[in-house]
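Visitor: Quick mapping for you: the protein sequence lines, in order, are chains L and V.
Using my numbering, the final residue of the first sequence is 354, and nothing's skipped along the way.
Using my numbering, the final residue of the second sequence is 491, and nothing's skipped along the way.
To be clear, the hints were calculated from the coordinates, so they are not data collected in a lab.
Careful, some of the hints might be misleading.
[Said to hold, decoys possible] The calculated label-pair distances, taken between Cβ atoms and stated as ranges, are: (1) L:S211 x V:D464: 39 to 45 angstroms; (2) V:D464 x L:E124: 37 to 43 angstroms; (3) V:L246 x L:S211: 35 to 41 angstroms; (4) V:D173 x L:A353: 24 to 30 angstroms; (5) V:D245 x L:H259: 52 to 58 angstroms; (6) L:E124 x V:G271: 25 to 31 angstroms.
Note that the Cβ used here is the ideal one computed from N, Cα and C, for glycine as well.
For reference, the chains in residue letters:
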Amino acid sequence: MAEPLRVVHYINAFFGGLGGEEEAQTTLSLQDGALGPGRLLEQLLTDEGQVIATIMCGDGYFSEREEAVVTQVQGYLRDLKPDIFVAGPAFRSGRYGLACGRLCLEAERLGIPAVTGMHEENPGSDLYRPAHLYIIRTAASAVGMQPALQRMAALAVKRGRGLPLGTAAEEGFLPRAVRRTVRTGIPAAVRAVDMVLKKWRGETYRSELSVETFEIIPPPPPLSDPRKTLFALVTESGLVPRGNPDRLPAATATHWAKYAIAGMDRLVPGEWDGVHGGYDNTAALQDPNRVVPLDAIRALEREGLIGRLWDELFVTVGNLGSLNAMKRMGAEIAGLLVERGVGAVILPAT
Amino acid sequence: MADDRGAFTLDVGVFPLQRLVFASQTHYQHETLGINRAAFLNVIAEPHAIAEIDIHLAHPGESCRIVHVLDAVPLMVKVEGRSTVFPGFVSPAIPVGTGRNHRLAAATVLVCGTFPDPTSGALSPVEAIIDMSGPAAAYCAFSDTANVVLVCHAAPGVTNAEFDAALQRVKLKAAVYLARTTANIDPPDLEHYHLRAVEPSLPRVVYVDLLHQQGLMAHTFLYGQHTQGLEPTILHPNEMLDGALVNGNYRAPGRGITYAHCQNSIVRELYRRHGREVNFLGVVIGRGWQDTQFLKERQGWMMARVACLLGAQIAIVTADMGGTGGNNTIDFMQTIKACEQMGLRTVAMLQESGNPDGSDPTLVDYVPEADALVSVGGVGWQTPAAPAVDRVIGGPTVRPSIAQDPLDASGSLQVESWYGAIWKRSELGLSAVDA
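Based on the provided sequences and hints, a complete structural model is requested.
Guide: And the structure:
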C-alpha cells in the first residue's frame, strides 16, 4: 500500500460552519486536519489520502483582497508541500467558485495537482475551465455534496498518484478545453447518419464537439493624439525578406521575427517572400505594400498625420495558428514595443 | 415504353485484386494484374508536359514509403452506357451515373511529382507521404491497397499549370487503361446503384460538400473543369461514383483525393440506408474556401437554398470530404447555420486541429447552430514515429515544412504529412473527446 496522499483542502467560511452575517468577511486561516466537508472528503479518500490541513476564508474577504490572499495561500502551499490540493465543491456559489478556481490555478502553477468542483453555470467554471483546470461537475447546491466529493476524491487520488485519467465524461469533470483523439470503432459516416436521424426524430443525441466560445477583444479607445504617437507595423501575413531567413513556417507558427524598415519608403517587390500558406500571395508578391502598407503609412508620416513609424516590422504567420502560441507571441511583441515607447500598432488584416 | 435514359442507374462490377506485377502483357487473371510497362507508358504518355514517368508497384506490408503524393485514383472503367468514367477528362463532359462500370477493388493509381516552378502561399503543394507498413501505415490512406505509382517528371520549360493539366490526364488514363483488363470478364460481384422511389414518410436527406477550390494546386474539378466560379449545384450520387469530381488539391496531405470522391463514405452510407431509414435525395456541392466574408456567408445560404429546393429535410455537411480547416471553417459554419435556419436538421462532420497536447481551441470559427458535430479526431495528436524504410518511391527527400530543411525520405520520420489521413481517420472511426 502506497503512503496516503497528503491533501490540503480549501473551503469557505460558510462550509467551515461559521454562519451568520459576518461569515463572508472571515479572514484567511489555516488549521490542521479536516473541517466541514473535508471530513467527508477524508472518508471518501479512504486509505489513499489524508487531509493534513484546511485553508478557510470568507468569500467576501477573498474577493476584496484576492491578491493578498493568494500570496498567503502560496506561502502555505510552499510550506506544506501537499501531494494534492482540493478546493470546494463550490456548487453554484459564484464568489466561492471564483476563489476555488483561482487557488487551484495557483496550486497548479506551484506544481501541485488541483481538483475542485462546481456547477457548470458557476462563473468560476467559465473563467477557469479555459485554464485547463479539473473541475468536477456538481449539482447546483449542497444537496449534491456526497456525489461531488466522491468524484473529487477519486480524481484527486488519480492525479495525486499520476495515474492515467479517463475522458471528461468518464471522470465527471467539466470540459476543460483539452481534446484528445480516441477510437470509437464506428466509421464517422455511420455516426453522422445515426446522429442526424436522432436529431430528426427529436431524440437525445450528443454532439462530439461542443465548441467553446472565444474571448471577445474590445477595440482599444482612439489615440489622444496620433500626430505625437510612435507607430509600429505588425503583421501575421508571413511577409519576410527573400529567402525567409528566420524560417517562418507556412502554418502553425510558434515564433516571430523582426526586420529593419528604417529608411524604406515602400516595400520593394522582389525583395519579399510570402510564406503564409493560407492565401494566394500572387498580388502580395507583385506589391508587398498591399499586405503591409508601408507606402501608405510613410505618406501619413510625411503629412504629419501620425508621429514616427518604428524602424522594425514584426512578422509572424497567422495561418492555422495555435491560440496559445499567438497569445504568447502577441505578448512578446507588445512587450518589446512598449519598451521602445510605441503607442500604436497597425496590424493589417491579411 | 418509358424512356429511362435519365434514370441514373449504375451497376458496378467489382474485381478483387491481390497482386500487381510487371508482365509481357497487360492482363487481369487470378486476382493479379499484370502490366506491360511499355504499352502502359504508351497509353498514358503526355510528352509535351511530362519528360518521364517512372512506374513503381507498392503493396501493403512492404517496407516502402511513397513521397510527394499528389492524388490517388480508383482503377475503374465504364464498359456500358453513354460517356466514360471521369467525364470531361477521359471523354467530353457528358453526364455520367448510368450504365455499367468495372472496378478493381483495393487498388489505386497514385500520382507523385514535383512542380517545375517555385511556388508559395496557398497555391503550393504540401508534402504528402504514404508508408506501406509500420506504425504510421494505419494513419495513411492507401497503405492497405495495391498501388501503381506514377512518378512524373516535368518536361523542360513547362509551366506548373501545364504540368498539372498533364498530371490529371496521366492518372485518369492510367486508371481506365488498367481497369479495362476486366472489360470482357464477368464480375464476381455486382453492385447496383439506383435511388429507387421509397416510402414517402422517410426523411429526405441531402449530402452537402464544400469543395476545396482556390486555384492551381487547390483545384477540385467537376466534369473536367475547376470549380472556381461554381454556384452550388446538384449531383446524383452515381455521378460521384463515376468520377464526376476529380481532385487537383495538394494543399493538405490529409485531404483531397479523387479515390475518396468516388468512394465517398457518406454517399455510400446514405445509399446503404436509402429506402430503410432515409430517402437519399442527392448531393449538393459548391465551392468552399471563398475569398471574403460576404462570399462565405453568401455561399452558406446558396448551399442551403439548393438543398431546400431539392426538398431536403436533413443535411449532412462536410468540407473537402470531412476536412475543413483554416479560413474554410467560416464557409463551413455559415453553411451549417444557413441549413439550420432554413429548417434542415443538420449534422456536420469535420476534423479538428490544434496544438499537439490538445489544449488549444480546435476550431477557428463556430456558430451556435453547429450543435451536432461528428469529429474525425485531430491532427498531430496520435501518429507514431515512422521508422526508416528499405525503399522510397517519389524522391530522395521530403520537406514537411518550409521552415525545415528537407529530410532523408528513407529515414525515420516524426511528421504529420500522412496522405489521406482525414479520410482514413473517418473510416477507422476516430473521434475526439474532452479530456
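Visitor: With reference to the structure, classify each hint as holding or not holding.
Guide: Here is what the structure says about each hint:
1. L:S211 x V:D464: 39 to 45 angstroms: holds (43 angstroms)
2. V:D464 x L:E124: 37 to 43 angstroms: Roughly 50 angstroms apart at Cβ, these two residues miss the hinted range, so it is violated.
3. V:L246 x L:S211: 35 to 41 angstroms: holds (39 angstroms)
4. V:D173 x L:A353: 24 to 30 angstroms: Cβ of D173 (chain V) to Cβ of A353 (chain L): about 29 angstroms, so the range 24 to 30 angstroms holds.
5. V:D245 x L:H259: 52 to 58 angstroms: Taking Cβ atoms as reference, D245 (chain V) and H259 (chain L) lie about 54 angstroms apart, which means the hint holds.
6. L:E124 x V:G271: 25 to 31 angstroms: violated (45 angstroms)
Hint compliance for this structure: hints 2, 6 are not met, and every other hint is.
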